[in-house]
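For reference, the chains in residue letters:
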Amino acid sequence: MIIEIGHYALVLALATALVVSVLPVVGARRGDAAMMALAPTGSLVLFALVAFSFGVLTWAYVVSDFSVANVWENSHSLMPVIYKYSGVWGNHEGSMLLWLLILVFFSTLVAVFGRNLPDTLRANVLAVQAWISTAFLFFILLTSNPFLRLDPAPAEGQDLNPVLQDLGLAVHPPLLYLGYVGFSVCFSFAVAALMEGRIDAAWARWVRPWTLAAWTFLTAGIAMGSYWAYYELGWGGWWFWDPVENASFMPWLAGTALLHSALVMEKREALKIWTVLLAIMTFSLSLLGTFLVRSGVLTSVHSFATDPTRGIFILCILGIFIGGAFVLFAWRAPMLKAGGIFAPISREGALVLNNLILTVATATVLTGTLYPLVLETLTGEKISVGAPFFNMTFGLLMLPLLVAVPFGPVLAWKRGDLLGALQRLYVFAGLALAAGLIFFYIQNGGPVLAIFGLVLGFWGMIGAFADLWYRGNFAKVGLSVGLRRLAGLPRSVFGTAIAHFGLGVTVLGIFAATTFGTETVVEMKQGASVDVGGYSLTYDGLRDAVGPNYTEQRGHFAVSRGGVQVADVWSSKRLYTARRMPTTEAGILTFGLSQLYVSLGDAMESGGMVVRIWWKPFILCIWGGALVMMVGGFVSLSDRRLRVGAPSRKAKPVKATLEAAE
Amino acid sequence: MQYWATMVLWIILAALTAAVAAILILPFARATKTASADRAGEVAVYRDQLAELDRDRAQGLINAEDAEYARAEIGRRLLAAAGAGEGKEIAAPKARKYALATTVVTLVPPVVGLCLYLALGNPGLPDQPLEARLANPGNNVALLVAKAERHLAQNPNDGAGWDLLGPIYFRSMRLGDAEMAYRNAIRILGPSPVRLAGLGETLVASNDGIVTEDARSAFEQAVKLDPDNPRSRFYLGLGFEQAGRAAEARAQFETIAKGSPADAPWMQLVNQHIVKNGGTIATGQHTAQAPGNPSQADVAAAANMSQVDRQAMIRGMVDSLAERLKQDPNNLEGWVRLVRSYSVLGDKSGAEEALKSGLKQFPSSGELVALANEMGITVEGVAQ
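Those protein sequences? They're chains C and A, same order as listed. Quick note: the first sequence uses the working numbering, first residue 1, plus one each step. Quick note: the second sequence uses the working numbering, first residue 1, plus one each step.
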């Protein structure tokens with residue numbers, strides 16, 4: 001009965017979304033407060049219904065109710081409880097429901113925290129959110145319904161895909177979806193502004209926290225996904241330019257551009273049209289990402305959804321939303337007033353450069369991702385666009401951007417002084433060069449390009465603080481006054497510095513891991529040793545072990561340095577009994593920021609095992625940098641300026657009563 | 001009981017719908033306020049920008065001239081926003097009628113909800129959490145198996161449990177699990193002819209009927225423990241037959257035939273294999289068995305063949321039947337089958353030939369006469 005109530009709640013959510021899609025828009029047109037007030041109320045109801053429905057599905061997973069087809073297909077009663085929770089979104093239907101849940105969650109946030117918005121804008125934004133909710137509710141109910149039942153119910157489930165039975169599944173999709181779907185708010189803001197035909201600097205400020213939040217979560221989600229693929233798939237790589245990875249990376253690039261262009265718009269009211277376009281593009285790419293993973297066009301690691309009818313349905317959703325938004329844009333954008341002007345060398349100019357490079361990079365990745373798919377559809381020819389293409393195009397594009405990053409914050413608005421900026425930065429450039437050289441000297445060896453890469457990394461890291469240094473004016477006023485001056489700065493300045501620092505850390509990690517890392521493939525018999533990255537690994541044979549729903553053979557390696565044993569690594573091959581599916585579990589040992597990665601291959605006839613061992617120096621910098629970027633995002637998000645105009649300022653006490661009941 | 005649960009469900013769904021509609025209608029119930037084209041939020045943003053400009057100026061991040069320009073710029077925005085807010089109050093129609101809107105809000109939830117739910121939902125089906133089902137499994141074999149599996153997951157060394165599960169898995173074609181169950185039972189309780197034969201049979205089944213080395217050694221062990229085990233011996237014979245070692249195969253099959261009662265259900269199959277491996281049917285198997293019936297394995301094999309191969313196989317079987325009837329013509333059913341087989345193959349002369357021979361043996365058989373009429377064959381000396 002509970003399950004049926006959950007199913008009905010989802011149906012009722014569709015009804016609610018339909019109401020919220022239409023009436024508030026009419027209300028905003030007519031200036032009708034009641035109809036507009038329906039938007040926040042309806043959004044809360046929508047969230048409550050979807051959350052309840054999601055909770056019911058989760059319950060079905062936890063109690064292993066195999067009368068629910070979705071549970072039967074993707075769960076097993078003996079699975080550890082954490083995977084029963086995360087398994088809810090470890091499949092197509094459930095993950096779409098999670099997508100929807102996060103979408104209505106964001107609508108609710110807009111409804112609750114958007115009280116400083118003009119009524120019409122808020123009503124329109126929430127209505128656009130409801131359009132998206134409606135589309136996805138239709139999609140879920142008609143093509144991907146997780147509440148379909150089985151009668152009679154099977155006695156045991158078919159188990160969750162073993163690759164997904166990992167903590168990564170509990171963290172990666174929710175973070176990624178928070179990012180993807182967070183950009184829906186920016187999209188809705190853009191569409192609402194176009195509908196109203198009015199857009200100004202304040203709009204940019206209102207959109208900024210949503211962009212920032214979505215960007216922060218997406219950063220974390222991508223980094224998490226990359227780390228998960230790294231340790232779970234046992235290939236030793238951390239980024240494969242896999243279409244599904246690209247699908248999450250493109251909205252990130254566009255979102256990064258949006259984040260920066262919204263800055264210009266907020267300060268100078270310039271780049272309005274461009275910012276609106278970026279907001280639409282970013283969410284379009286998010287939708288495209290959803291489409292790429294879900295339609296079954298792509299069968300990679302994420303191959304838990306393969307059904308062309310769903311693909312066609314999503315294609316319609318894509319067409320309606322992306323196409324519709326662009327049509328609206330083409331119709332309305334020319335009516336928007338242009339904003340302030342600025343010289344090429346200025347903060348605005350630097351941000352435009354950032355935008356240019358990021359959008360071109362996005363286009364590059366989009367081409368590299370879609371071209372093989374289109375080619376295969378049209379001609380049947382299969383080509384693989386892999387790392388070489390992306391390294392040559394995307395990599396080269398990124399180089400000037402990385403060089404330019406530290407310049408942005410130290411340039412003045414409107415009219416900057418490049419010479420002055422160069423003068424201010426040369427000390428930092430020198431420091432970065434020195435650090436890169438020292439690093440290279442310690443690691444000793446590797447191509448010349450590596451020095452450049454390392455310097456670039458340090459340049460990003462050290463240059464990030466140049467702005468803080470000059471703002472504090474430490475050179476003139478000394479440490480204590482400088483610190484006091486820093487304390488008075490808005491948090492977003494620190495957010496910028498931290499995020500740029502994180503970018504530098506990631507760049508450093510990428511170059512260090514790729515140029516100094518080693519890969520060793522050896523056949524090892526029991527007792528054999530191999531030297532990797534200054535450590536010596538001794539293979540100690542295989543042992544059998546039994547997990548809750550799998551059996552495994554664990555290879556034991558003793559790791560020693562200079563004859564002294566420092567650690568143990570276990571690397572195993574598992575067999576998940578319900579699906580009879582083997583997986584490899586890499587053994588990973590962390591030394592500082594570097595890692596030793598051991599993966600078991602096939603057993604040889606001679607009794608030995610093929611073992612792959614990677615030495616990955618400073619690899620943790622890659623994800624650590626992303627985490628730092630995320631911290632930067634949160635710091636910036638906590639800036640009080642983003643909350644300007646909230647009712648607590650008591651500017652208009654009338655407004656507070658108007659919305660008190662929501 | 002079930003009926004009441006469904007009733008309760010519908011009541012809850014109705015209440016939920018009503019609640020949603022009621023909440024959605026709330027804004028209209030309080031709809032006496034006017035909408036203000038309120039741009040207070042915008043004004044606040046610009047005021048804050050002015051304050052920020054002052055901070056930047058104080059810190060020397062922007063020079064005086066630029067600061068003045070910026071101040072003017074922000075000031076213009078501020079004035080525009082503040083000015084737009086005034087005098088743009090929309091006149092409040094005192095008692096605005098929301099007939100249409102409230103109708104929409106009241107009707108959409110129940111109509112959309114009911115229509116879609118009736119199409120998609122399954123209101124009569126109760127929740128079925130696994131624990132509750134396991135506590136009361138009834139006669140549901142799958143549940144009993146699941147229960148046994150859980151027990152074994154806790155007590156993996158309960159050999160009797162594995163012993164029980166092996167054959168059940170095998171019958172439900174969960175061959176991997178069957179193999180594991182048999183192996184566990186053998187490991188814990190020790191080998192027995194039944195367990196070994198079961199394991200061997202599972203291995204044969206999971207290898208599409210091929211007696212693999214693994215399976216053979218299991219059967220051999222079983223035969224060693226119990227030389228009279230016909231099942232194991234049969235598979236051993238089959239293995240030899242598949243390896244093309246006809247003499248050894250025949251020896252195995254003949255041993256079974258010797259040790260079995262004449263009416264044992266497997267004798268027919270065993271005899272076929274003896275014949276196939278070049279022997280003659282042993283121990284007076286003259287009960288009215290129709291030789292030439294394809295064994296189940298043969299039928300399964302035929303299903304996988306191409307059309308040509310299948311024709312050839314049927315032809316081969318028909319020919320061997322004809323051969324056997326020539327040696328042992330005292331088999332009415334065999335003759336009938338032979339005639340039918342020839343006609344199926346489209347071999348009219350063969351069918352006539354067989355009919356004649358059969359009628360020679362059984363001149364008064366109504367069955368053969370009827371068959372002759374059916375096929376339109378006139379046979380001399382037979383009364384029409």
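These are calculated hints, taken from the structure and not from any lab test. A hint or two may mislead.
[As the list claims (entries may be wrong)] Derived SDA-like pairs: lysine to any residue, alpha-carbon spacing no greater than 25 angstroms straight-line:
no., chain 1, residue 1, chain 2, residue 2
1, A, K147, C, V81
2, A, K147, C, V62
3, A, K147, C, K476
4, C, K476, A, A58
5, A, K147, C, E156
6, C, K476, A, P329
7, C, K476, A, I12
[Said to hold, decoys possible] These stretches of chain A come out as covered by chain C in the derived footprint (C-beta under 8 angstroms, 3 or more residues):
no., stretch
8, 119-132
9, 135-146
10, 333-340
For every residue, glycine included, the Cβ atom is placed at its ideal position computed from N, Cα and C.
Hints and how they fare:
Under the criterion of a C-alpha separation no larger than 25 angstroms, the hint pairing K147/A with V81/C is consistent with the structure, at around 19 angstroms. A hinted pair counts as satisfied when its Cα atoms are at most 25 angstroms apart, and K147/A with V62/C qualifies at roughly 18 angstroms. For a cut-off of 25 angstroms, the pair hint linking K147/A to K476/C is broken: about 78 angstroms separates their Cα positions. Between the alpha carbons of K476/C and A58/A the distance comes to roughly 15 angstroms, so the proposed pair stays at or under 25 angstroms and holds.
Annotation: proposed proximity of K147/A to E156/C holds, straight-line Cα distance about 10 angstroms (limit 25 angstroms). Restraint check: the Cα-Cα separation between K476/C and P329/A comes to about 122 angstroms, which exceeds 25 angstroms; the hinted pair is violated. About 72 angstroms separates the Cα atoms of K476/C and I12/A, which puts this hinted pair outside 25 angstroms; it is violated. With 11 residues having a beta carbon nearer than 8 angstroms to a beta carbon of chain C, the stretch 119-132 of chain A meets the requirement of three or more and the stated coverage holds.
Counting residues of the stretch 135-146 of chain A whose C-beta lies closer than 8 angstroms to any C-beta of chain C gives 5; at least three are required, and the coverage claim holds. Restraint check on the stretch 333-340 of chain A versus chain C: 0 residues with Cβ-Cβ distances below 8 angstroms, three needed, restraint violated.
In summary, the numbered hints that this structure violates are 3, 6, 7 and 10.
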